Amino acid sequence: METPLTNNIGPDKPFPDLAVYEQNGGYQTVRDTIGKRSPTDVQEAVSESRLRGRGGAGVSTGMKWGFVPMDNASPGHKYLVANADEMEPGAFKDRVLMEFDPHQLIEGMILSAYAIQADIGYIFIRSDYYLATARLKAAIAESRDKGYLGERILGTDYSFELHVHVSAGRYICGEETALLNSLEGKRANPRTKPPFPPISGLWGRPTIVNNVETLCCVPHIVQNGADWFRSLGRAEDAGTKLFGASGRVKNPGCWELPMGTPIREILEGSAGGMQDGYGLRGFLPGGGSTGFLTDEHLDLPMDYDAIMQVKSRLGTGTMIILDDRTCPIGMVENLVNFFARESCGFCTPCRDGLPWIEEILHKLETGQAEPEDMNILAQQAGFIDWWGSDSSSNGNTHCPLAPGAIEPLESARKYFADDFERHIRDKKCSYR
Amino acid sequence: MSAAEQDLIQALSDEEIGEIEKEITHLNGRKSAAIDALKIVQKHRRYVSDESLQAVANLLGMSFAELDGIATFYNLIFRKPVGEKVILLCDSVSCWIMGGVDIREKIKSKLQIEMGETTPDDKYTLLPMSCLGDCDHAPAMIVGEDVYRDLTNERIDEIFDE
Ligand SMILES: Cc1cc2nc3c(=O)[nH]c(=O)nc-3n(C[C@H](O)[C@H](O)[C@H](O)COP(=O)(O)O)c2cc1C
Ligand code: SF4
Ligand code: FES
Numbered sequence: 001m002e003t004p005l006t007n008n009i010g011p012d013k014p015f016p017d018l019a020v021y022e023q024n025g026g027y028q029t030v031r032d033t034i035g036k037r038s039p040t041d042v043q044e045a046v047s048e049s050r051l052r053g054r055g056g057a058g059v060s061t062g063m064k065w066g067f068v069p070m071d072n073a074s075p076g077h078k079y080l081v082a083n084a085d086e087m088e089p090g091a092f093k094d095r096v097l098m099e100f101d102p103h104q105l106i107e108g109m110i111l112s113a114y115a116i117q118a119d120i121g122y123i124f125i126r127s128d129y130y131l132a133t134a135r136l137k138a139a140i141a142e143s144r145d146k147g148y149l150g151e152r153i154l155g156t157d158y159s160f161e162l163h164v165h166v167s168a169g170r171y172i173c174g175e176e177t178a179l180l181n182s183l184e185g186k187r188a189n190p191r192t193k194p195p196f197p198p199i200s201g202l203w204g205r206p207t208i209v210n211n212v213e214t215l216c217c218v219p220h221i222v223q224n225g226a227d228w229f230r231s232l233g234r235a236e237d238a239g240t241k242l243f244g245a246s247g248r249v250k251n252p253g254c255w256e257l258p259m260g261t262p263i264r265e266i267l268e269g270s271a272g273g274m275q276d277g278y279g280l281r282g283f284l285p286g287g288g289s290t291g292f293l294t295d296e297h298l299d300l301p302m303d304y305d306a307i308m309q310v311k312s313r314l315g316t317g318t319m320i321i322l323d324d325r326t327c328p329i330g331m332v333e334n335l336v337n338f339f340a341r342e343s344c345g346f347c348t349p350c351r352d353g354l355p356w357i358e359e360i361l362h363k364l365e366t367g368q369a370e371p372e373d374m375n376i377l378a379q380q381a382g383f384i385d386w387w388g389s390d391s392s393s394n395g396n397t398h399c400p401l402a403p404g405a406i407e408p409l410e411s412a413r414k415y416f417a418d419d420f421e422r423h424i425r426d427k428k429c430s431y432r
Numbered sequence: 001m002s003a004a005e006q007d008l009i010q011a012l013s014d015e016e017i018g019e020i021e022k023e024i025t026h027l028n029g030r031k032s033a034a035i036d037a038l039k040i041v042q043k044h045r046r047y048v049s050d051e052s053l054q055a056v057a058n059l060l061g062m063s064f065a066e067l068d069g070i071a072t073f074y075n076l077i078f079r080k081p082v083g084e085k086v087i088l089l090c091d092s093v094s095c096w097i098m099g100g101v102d103i104r105e106k107i108k109s110k111l112q113i114e115m116g117e118t119t120p121d122d123k124y125t126l127l128p129m130s131c132l133g134d135c136d137h138a139p140a141m142i143v144g145e146d147v148y149r150d151l152t153n154e155r156i157d158e159i160f161d162e
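Those protein sequences? They're chains C and Y, same order as listed. For the first sequence, counting from 1, position 416 maps to 416 in the working numbering; every step adds exactly one. For the second sequence, counting from 1, position 147 maps to 147 in the working numbering; every step adds exactly one.
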């Protein structure tokens, strides 16, 4: 099984500083591509690879890049931004990629920037990733010294400067237009779309925002070709992906596996199954903003569309496991608390609705809820609604934070309805 | 710029001003460096006082209110004094499942403070934080810049007895 993204990573392997990274074939694609292949050539390879964004939404990377104006009609800067905010509860895959192979991200950014002819790049990283930040800064310095970054890369007439921007907190910064506002030094409220960032992004200029893992795939696609990348997937989607599991499993962690790997193989194989004394009740397949699935879904492939069909999302691919000794309502309360706190406050259903939902969940957990409260839960969730709404993707709110926030709630009301009833009937949480 | 404003910029050290000016060169316009500048001040002074905020606002050519609106949006810009080290204790879902509440209570009783408070010796400020990206080693926290994973009551004793 091929594991291109984590080839350089392992307990017995030396840390890939520039020398080791180059020995392992690193930066060869930069030598072979910049000034030798056309930018459109690189774009085509990525389009044909069917790479989909690993930040959560699964947008075709090639298609997104295709919106960037490539003529010289509006001269000026173009930007490439790596989204390294990673604050989704349960997600820790981008940290692994940045801490243990920082040059891979830089190589991916050089190629991606070249493909859209961006001249400036930023890595927008969350403040708490101190080790990753230090290693990225050191790697950028090494790469610049060697001529892979900066003015006239390797003597060609292409230049690309790369900076690290360390954030100051708030999950909403991960939403790409909020991220751009934050990079501009403003409050991180999401922007109205359109215009979309590839046309008008950072300081009004064409900008591509891609997830760290997405960008890390690019060198391998450029090196080995689109056919190879597509062949890595086991079902519909292409490539490999870092999948993870946390909660009461025997071996929590993060593993590079083919896209389309059945959930059962990840949970029972890589994660080693449930800890002794704990049973599987359900799981969030792709982080805290994705809906619960249960054991009836274990044979589904971890593919964007397959998970979407059962009304959840592949998201970040890092699963959170609910065991049979943990209260599903308590778990949802914890999640809603997170989203309510991280709401940017721009729109009412999110700013005021999420705290209201949190309050009702707290009443349920402390035995104070009335049957009528279930109607309020349904009503508040309805104001935010994603799945039922016929508008494109954002439900009734300004950005997808609130719809994501209620996905665990809505799926819990479906799969764990008996728990809600019992909490109201017995006036207590029986898990404590 | 008035003399009073000049004075206030001088409330920043040359080192701070140098670091802020360097950030500005990577960006587009002085105001763009607002968050970086606040972080730089905070690195040197632990938190951003009203005086520092006014000084940064003057340096970047913006009003106090505009910059404070930005500062208070971000939870890792501290507008009140904090201790020598800030403890960011993860209170998100995987840590919660893995016993994070017990760890929180343990830290509170160990340090004799509530969430949001600073120890009387000014050493630690305890704050809740969203998922730290260490969910496979939950519960987790950051003290200063050091990450602690797989927390147990015994580990908490060890860490804070040091
Ligand atoms: C509230 C919210 C938080 C997000 N956080 C992240 C994040 O931390 N990292 C990330 O890559 N994408 C995040 N996204 C998705 C981004 O908006 C964007 O879709 C993504 O960075 C695009 O990159 P990709 O196409 O490579 O996936 C978030 C979205 C929302 C709505
Ligand atoms: S849904 Fe509205 S209030 Fe919530 S984070 Fe998005 S824009 Fe802000
Ligand atoms: S939930 Fe605590 S580190 Fe992720």
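Don't read these hints as lab results, they were simulated from the structure. Please note that a few of the clues may not be correct.
Said to hold, decoys possible - Once the Cα atoms are required to be at most 27 Å apart in a straight line, the calculated DSSO-like pairs of lysine-lysine come out as:
#1 106/Y x 186/C
#2 80/Y x 106/Y
#3 43/Y x 186/C
#4 193/C x 31/Y
#5 22/Y x 137/C
#6 106/Y x 137/C
#7 428/C x 31/Y
#8 146/C x 22/Y
What the hints assert, rightly or not - Just the calculated beta-carbon pair ranges, DEER-fashion:
#9 379/C x 152/Y: 51 to 57 Å
#10 194/C x 152/Y: 46 to 52 Å
#11 17/C x 162/Y: 28 to 34 Å
#12 130/C x 15/Y: 17 to 23 Å
#13 101/Y x 203/C: 51 to 57 Å
As the list claims (entries may be wrong) - To give a feel for the contact side, a few chain C residues facing chain Y, derived at Cβ under 7 Å:
#14 40
#15 41
#16 48
#17 164
#18 204
#19 247
#20 414
#21 415
None of these values were measured; they are calculated from a predicted model. Cβ coordinates follow ideal geometry from the N, Cα and C atoms, glycine included.
Status of each hint after checking the structure:
{"no.": "1", "hint": "106/Y x 186/C", "result": "violated (38 Å)"}
{"no.": "2", "hint": "80/Y x 106/Y", "result": "holds (25 Å)"}
{"no.": "3", "hint": "43/Y x 186/C", "result": "holds (20 Å)"}
{"no.": "4", "hint": "193/C x 31/Y", "result": "holds (24 Å)"}
{"no.": "5", "hint": "22/Y x 137/C", "result": "holds (15 Å)"}
{"no.": "6", "hint": "106/Y x 137/C", "result": "violated (36 Å)"}
{"no.": "7", "hint": "428/C x 31/Y", "result": "violated (52 Å)"}
{"no.": "8", "hint": "146/C x 22/Y", "result": "holds (23 Å)"}
{"no.": "9", "hint": "379/C x 152/Y: 51 to 57 Å", "result": "violated (42 Å)"}
{"no.": "10", "hint": "194/C x 152/Y: 46 to 52 Å", "result": "holds (51 Å)"}
{"no.": "11", "hint": "17/C x 162/Y: 28 to 34 Å", "result": "holds (31 Å)"}
{"no.": "12", "hint": "130/C x 15/Y: 17 to 23 Å", "result": "holds (21 Å)"}
{"no.": "13", "hint": "101/Y x 203/C: 51 to 57 Å", "result": "violated (44 Å)"}
{"no.": "14", "hint": "40", "result": "violated (27 Å)"}
{"no.": "15", "hint": "41", "result": "violated (30 Å)"}
{"no.": "16", "hint": "48", "result": "violated (32 Å)"}
{"no.": "17", "hint": "164", "result": "violated (10 Å)"}
{"no.": "18", "hint": "204", "result": "violated (10 Å)"}
{"no.": "19", "hint": "247", "result": "holds (5 Å)"}
{"no.": "20", "hint": "414", "result": "violated (19 Å)"}
{"no.": "21", "hint": "415", "result": "violated (17 Å)"}
In summary, the structure is inconsistent with hints 1, 6, 7, 9, 13, 14, 15, 16, 17, 18, 20 and 21 from the numbered list given earlier, while agreeing with the others.
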